Structures are given as structure tokens and as C-alpha cells.
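Protein chains in written order, with the numbering used here: chain P, 1 to 389; chain W, 390 to 528.
Source of the hints: derived by calculation from the structure; they are not laboratory data.
Accuracy of the hints is not assured; some may be wrong.
[To be verified] A few chain W residues that face chain P, going by a derived Cβ cut-off under 7 Å, partial list only:
1) L474
2) V478
3) A482
4) A485
5) S488
6) M499
7) A517
[As the list claims (entries may be wrong)] Straight-line Cα separation of at most 25 Å, SDA-like style, residue types lysine to any residue; simulated pairs:
8) P:K37 x P:K302
9) W:K457 x W:T445
10) P:K336 x W:T445
11) W:K409 x W:P432
12) W:K496 x P:N116
13) W:K516 x P:K302
14) P:K74 x P:I155
15) W:K476 x P:N116
16) W:K476 x P:L367
17) W:K496 x P:E370
18) W:K496 x P:D82
[Claimed, not checked] Partial chain W-side listing against chain P, Cβ under 7 Å, derived:
19) A416
20) N424
21) L426
22) C480
23) R500
Computed from a prediction, not measured in an experiment: that's the story for all the values here.
In this text, a Cβ means the ideal position worked out from N, Cα and C, and glycines have one as well.
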Amino acid sequence: MKRHKVRKTYKEINEKIRAGNVVVVTAEEIIDIVERKGNVEAAKQVDVVTTGTFGPMCSSGAFLNFGHPSPRIKGTRTWLNDVAAYGGIAAVDCYIGATEVVEGDPLNSIHPGEFNYGGGHVIEDLVAGNVIRLRVEGYGTDCYPARKYEKNITIHDLRDAMLFNPRNAYQNYSCAVNMSDRTIYTYMGVLRPFMVNATYSTSGQLSPLLNDPYCSTIGIGTRIFLGGTQGFVSWHGTQHRTQVLRGENGVPRESAATIAVIGNMKEMNPEWLAAASFLGYGVSLYVGIGIPIPVLNEEVVKHAAVRDEDIYVQIYDYGVDYPSGKAKSLGEINYKELRSGQITLNGKAVDTAPLSSYYKARQIAHLLKEWIEKGTFFIGEPQQMLPGC
Amino acid sequence: MTTPYSKKVVLRYTPDIVDKPIVCLLAQDFGLTFNILRARVLPRREGLLVLDISGTKENFDRGIRFLKESGLKVEPLSKSVTQNLDKCVHCGACLAFCSSNALYVDKATMRILFDAEKCSGCEFCVKACPVRAMEISLL
Numbered sequence: 001m002k003r004h005k006v007r008k009t010y011k012e013i014n015e016k017i018r019a020g021n022v023v024v025v026t027a028e029e030i031i032d033i034v035e036r037k038g039n040v041e042a043a044k045q046v047d048v049v050t051t052g053t054f055g056p057m058c059s060s061g062a063f064l065n066f067g068h069p070s071p072r073i074k075g076t077r078t079w080l081n082d083v084a085a086y087g088g089i090a091a092v093d094c095y096i097g098a099t100e101v102v103e104g105d106p107l108n109s110i111h112p113g114e115f116n117y118g119g120g121h122v123i124e125d126l127v128a129g130n131v132i133r134l135r136v137e138g139y140g141t142d143c144y145p146a147r148k149y150e151k152n153i154t155i156h157d158l159r160d161a162m163l164f165n166p167r168n169a170y171q172n173y174s175c176a177v178n179m180s181d182r183t184i185y186t187y188m189g190v191l192r193p194f195m196v197n198a199t200y201s202t203s204g205q206l207s208p209l210l211n212d213p214y215c216s217t218i219g220i221g222t223r224i225f226l227g228g229t230q231g232f233v234s235w236h237g238t239q240h241r242t243q244v245l246r247g248e249n250g251v252p253r254e255s256a257a258t259i260a261v262i263g264n265m266k267e268m269n270p271e272w273l274a275a276a277s278f279l280g281y282g283v284s285l286y287v288g289i290g291i292p293i294p295v296l297n298e299e300v301v302k303h304a305a306v307r308d309e310d311i312y313v314q315i316y317d318y319g320v321d322y323p324s325g326k327a328k329s330l331g332e333i334n335y336k337e338l339r340s341g342q343i344t345l346n347g348k349a350v351d352t353a354p355l356s357s358y359y360k361a362r363q364i365a366h367l368l369k370e371w372i373e374k375g376t377f378f379i380g381e382p383q384q385m386l387p388g389c
Numbered sequence: 390m391t392t393p394y395s396k397k398v399v400l401r402y403t404p405d406i407v408d409k410p411i412v413c414l415l416a417q418d419f420g421l422t423f424n425i426l427r428a429r430v431l432p433r434r435e436g437l438l439v440l441d442i443s444g445t446k447e448n449f450d451r452g453i454r455f456l457k458e459s460g461l462k463v464e465p466l467s468k469s470v471t472q473n474l475d476k477c478v479h480c481g482a483c484l485a486f487c488s489s490n491a492l493y494v495d496k497a498t499m500r501i502l503f504d505a506e507k508c509s510g511c512e513f514c515v516k517a518c519p520v521r522a523m524e525i526s527l528l
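Using the sequences and the hints given, assemble the complete structure.
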């Protein structure tokens, strides 16, 4: 067990929030503070560091309960604006996935497909309060006799709408290039041939899990900013892993931890949940997530003060290596270089572009800071840490 | 008077004049040079031409007047391409596709800004944008 000079408990920090004298800074602001005052002084002064990310997160969706019509129905197949939702759960429950494409879409038959509407758009339309055409089919039972049900609804007509995303906020993500001789259309955006451009997708020094590399404060039950309201970390995310390549600062240099998150979609806002159409790839959903990091000791604050130049990612070729399942790293690069707009790879200048919005990530970190300062957001103590953490 | 002047314009032809040589006269009679960024004749014989015209301001104005008198509809390219700020999430996915640097990051705020004057109307950004925030009306 390490001895820390500064020790604070969740309870103490929440008391400070209640009393209105909590000190909150964003993951950008903490960098200077730690640099000037050192870890121990910074840990004494600052109670919470807020983070943020706003990027396309495909593993997202929502459980919806649309309530029974009269006569009742056991919905086995459900569509929202002609986008299929999974109906293989209870009678009037369904799950709309972010990447489900609208029925009748030509997909990639005319390559590259445009993918103008899908589950992500349904979710955005719902939180925007727009009217959605609900269509349900059932086979009819003695208790649920109806076989068809159609209605125009808004999110207010739904009994429940729970955003539940099985994998969000990836702790680091690789940088994509295309070494082949043709343009490719991927979930990392359009990649031009011969390594003309590179794309990447985390908010770097603002990104939640990159500010707590060993997930020592983020676990099951952590209260978070999700889509504009308060949500929770409900479990580790799918593909979560902790045995990864790390820098001396402990920060993963490849994709590592992930979280599953849940929140009340009725309180969410299209400003923080936006549908995305990736040319030639499909539909996704931009999700806004912010996680407060309670400064329990000086080690926590040291990690939260991580800078773009100290976070490295691996570069992969999405032209041949990645799709074949034999991706080998072409090298690593840090976020400061990526954010400069151009990197040098194999002696060649490559233009870089992000897929996640640093502007929105910063807004989320500031909004979360405001909520905590105002005393409307309390730190949720993890009930159990994530596996391997 | 002799300071170089350059502007990108969209010219629209009606079917009756689509086959007439008009823009070449900009060079011959008005001392202007131009680069053709896009040229298209539509199925009903309306035409569309996007030009980057350079010369002196005086000649440019005279040239544009001549084009209008010849029956062409002339408008600046900057009017045809817009960034819908209600939709834009400022991710930056468009940046690597904008060869004219009309789309750029404001380093202070990290917002993605659009300078319509620099835009060459290539339309790459329209498809590269995941939230379809770039709108273009070049048809």
C-alpha cells in the first residue's frame, strides 16, 4: 500500500460540494496547476478534475418501452421511422441500436453508400422531441391479441427511454492511415490512398479514461455526464482490457479500458447526442460523456494532469493490415503532434484530422465543473472497480 | 488600380446560350485570366460554370457586367457553400479534405470555422462530414 501525503474521501469531497466550497478544475486547467505547484500542493487545493469527450461511439443504443395499446400487443418486430429495433425482449420493450440502418437503404450497393438515416438519427430525433413513426408487429397471443400497431410518437409518449451503451469512452484509440492505392471508407472516416491523411478519435488530455489511466476512481456506480444529463457507469464496457502497452506515466499507448454507461434519455439533449453518417461505412452516434475525477490523493492529480504530448497512440494501416485482421503498428505518435494538423510518417507528411470534437469535449468538462460547483452533481463512489483495476 | 484582384464566381447558363462562347472573351476583351473549377451541362441544357477569375478590380467589374449582359446569372461562390452551425459538432473530420484551407480550426476555441471566400467548391467536405453540416447548392 502506498503512503500518500494527501488523502481525501468521497464523503469529504461530497460534503464540500454540499457546502459549496469545493474546488473544481477541468483536465486542461489542472495541467498548469500541477506544473506550478507540484502534485501534493495541487492535490491539497483541488478536489475534483472534470473531463469530457464527444466522439462517435458505435456501441450505443437505447431501451424503449412504448406502453401497451388497446388491445395489447406482444411486439416481436418493431420499427422507429423504419429503422428496426430489436423486439426479442418483453412485449412492449425494444432496443434501438445506433448503427442500425433504415430499411430500404441501398447500403453499399452503390459504393460508397451515404447512410443518411439510422438508429443514431432515431435517437437524436427522440431527444430532440421530434415525431417518430412507431410500427410494431406481433403474432398474437391470448393475453396480447393485437398483431399490428402503428402510431406517431415523441419521446414523451414513451413510458421509458434508457440510453444504454455497452462500450463507450474508449481509453485511447488508434490512429488510422491508408497505405493502399485506393480511397477507403471506414469507421475512421474517409482515408485517402498513399497515406495522404490520418484520422484519430479521442479528446486526448481531456478524455475521461486517459486522465485516470488505471481507473482508480472510475468504476461501477460512478456518476457521469451523459448526453446532457446525469448518468452512470453501469459496468465495464465490452472489449475492456487493462494488460496493455503503457507509457512511463501509466497511460495506455493502445486501446484499453472501456465503460458501459446508462442514463435517462428523456433528460438528454441533441446538443450532446448527435447522429453521424460515415460515407461507405454506416450510421453511428456522437455521444457526449464527462467524468469527474475526485482528487483522493496526489497520485490521482498527477495522472489527471496528463498532457497531449504525453499520450501516445499506435498508427495502423486500414487499407490492408487492419481489415485482414493482422494489424501491426506502423509507429506511435502523440496527441500534440496529431492535433497540429500534420505528422511525419515514414518520412512523408500526412494531414491529420480528428473524428471527436475537442470543442465539445471542453464544453462538457466546463459544464460538469459548473454542475459540481453549483451543488447539483455529486461524486458517485464506485461500488466495485472495473476488472483489472 | 493595378492591385491584383481575384474572386471565385458561379455562372449559370440558360439553355439558349449554353453553347455560346462567352467566358473566353473575359481573357480576350477584358484582360482577365481564369481557372475553371467546375463545368457542367445539365440534362435540360442549363449550364453551370465555376471560375476563379483574376485581374484588376476594374477589369473584373467590367467583365462581370459583360457576363450579366450576355445573359448569365453570376453569383459569388461563397454564397453557394455554407456551414450549418446548428448541425456542426466541430469535430474536424472535414479538415484533411479541404485543400483550399477554407475549413480550419480556431486554435483558441477549437471550433471549426469556414472561410467561404477561400472555398473552391470541390464538395469533398460535404461527404466527409458525419453530421452533414456542410451544405452546397451547386446544381
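Satisfaction of the W:V478 interface hint, Cβ to chain P closer than 7 Å = At 5 Å from the nearest chain P Cβ, W:V478 passes the 7 Å test, so the hint holds.
Hinted contact W:M499 with chain P - closest CB pair below 7 Å | holds, 4 Å
With a cut-off of 7 Å, does the beta carbon of W:S488 approach a beta carbon of chain P closely enough for the hint to hold?
-> violated, 10 Å
With a cut-off of 25 Å on the C-alpha distance, tell me whether W:K496 and P:N116 pass.
-> Not satisfied, since the Cα-Cα distance of roughly 31 Å exceeds 25 Å.
Under the criterion that the straight-line Cα-Cα distance not exceed 25 Å, is the pair W:K496, P:E370 satisfied?
-> Between W:K496 and P:E370 the Cα gap is close to 23 Å, so the pair holds against 25 Å.
Has the given pair, P:K37 with P:K302, been kept, meaning a C-alpha gap of at most 25 Å?
-> holds, 11 Å
Is it true that the CA of W:K516 sits at most 25 Å from the CA of P:K302?
-> violated, 41 Å
Return the status of the interface hint for W:A485: holds when the least beta-carbon distance to chain P is below 7 Å, violated otherwise.
-> Because about 4 Å separates W:A485 from the closest Cβ in chain P, which is inside the 7 Å limit, the hint holds.
Within 25 Å, alpha carbon to alpha carbon, are W:K496 and P:D82?
-> violated, 41 Å
Does the alpha-carbon distance linking W:K476 and P:L367 stay inside the 25 Å limit?
-> holds, 20 Å
Pair hint outcome, W:K457 versus W:T445 [Cα-Cα no greater than 25 Å] | holds, 18 Å
Taking the least C-beta to C-beta distance, is W:R500 closer than 7 Å to chain P?
-> It holds, given that the least Cβ distance between W:R500 and chain P is near 5 Å, below 7 Å.
The structure fails to meet hints 1, 5, 10, 12, 13, 18, 19, 20, 21 from the earlier list, while all remaining hints are met.
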